[in-house]
Amino acid sequence: MDLLEFEVDAVEDDVFEEPDEETVKTIFALRRDIHHLKRKGEFRP
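Just so we're aligned, residue 1 is where the sequence shown starts under full-length UniProt numbering, counting upward by one.
These aren't lab readings, by the way, just hints derived from the structure by calculation. Don't take every hint at face value.
As the list claims (entries may be wrong) - Derived DEER-like restraints, expressed as beta-carbon distance ranges:
hint : residue 1 : residue 2 : range
1    : 44        : 23        : 22 to 28 Å
2    : 17        : 40        : 33 to 39 Å
3    : 17        : 44        : 19 to 25 Å
4    : 43        : 22        : 31 to 37 Å
5    : 19        : 43        : 22 to 28 Å
6    : 23        : 45        : 26 to 32 Å
7    : 42        : 18        : 30 to 36 Å
8    : 17        : 42        : 20 to 26 Å
9    : 17        : 45        : 26 to 32 Å
10   : 21        : 41        : 28 to 34 Å
11   : 17        : 41        : 33 to 39 Å
12   : 45        : 19        : 30 to 36 Å
13   : 22        : 45        : 21 to 27 Å
14   : 20        : 41        : 31 to 37 Å
Quick caveat: nothing in here was measured; it's all calculated off a predicted structure. Where a beta carbon is used, it is the ideal one built from N, C-alpha and C, also for glycine.
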């Protein structure tokens, strides 16, 4: 098995599920909040 075959097998074995709508909304809301805090200089990770 060469490297290309290995990479293709790895991609095929990787199961990716689309996140549900609520998760996507939460991620974008958190990104928006962090962006606003950074602009105000109040973001401390």
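A quick look at each hint next to the structure:
no.	hint	result
1	44 - 23: 22 to 28 Å	holds, 25 Å
2	17 - 40: 33 to 39 Å	holds, 36 Å
3	17 - 44: 19 to 25 Å	violated, 33 Å
4	43 - 22: 31 to 37 Å	violated, 24 Å
5	19 - 43: 22 to 28 Å	holds, 24 Å
6	23 - 45: 26 to 32 Å	violated, 21 Å
7	42 - 18: 30 to 36 Å	holds, 33 Å
8	17 - 42: 20 to 26 Å	violated, 35 Å
9	17 - 45: 26 to 32 Å	holds, 28 Å
10	21 - 41: 28 to 34 Å	holds, 32 Å
11	17 - 41: 33 to 39 Å	holds, 37 Å
12	45 - 19: 30 to 36 Å	violated, 23 Å
13	22 - 45: 21 to 27 Å	holds, 24 Å
14	20 - 41: 31 to 37 Å	holds, 34 Å
Checked against the numbered hints listed earlier, the structure breaks hints 3, 4, 6, 8, 12; every other hint is satisfied.
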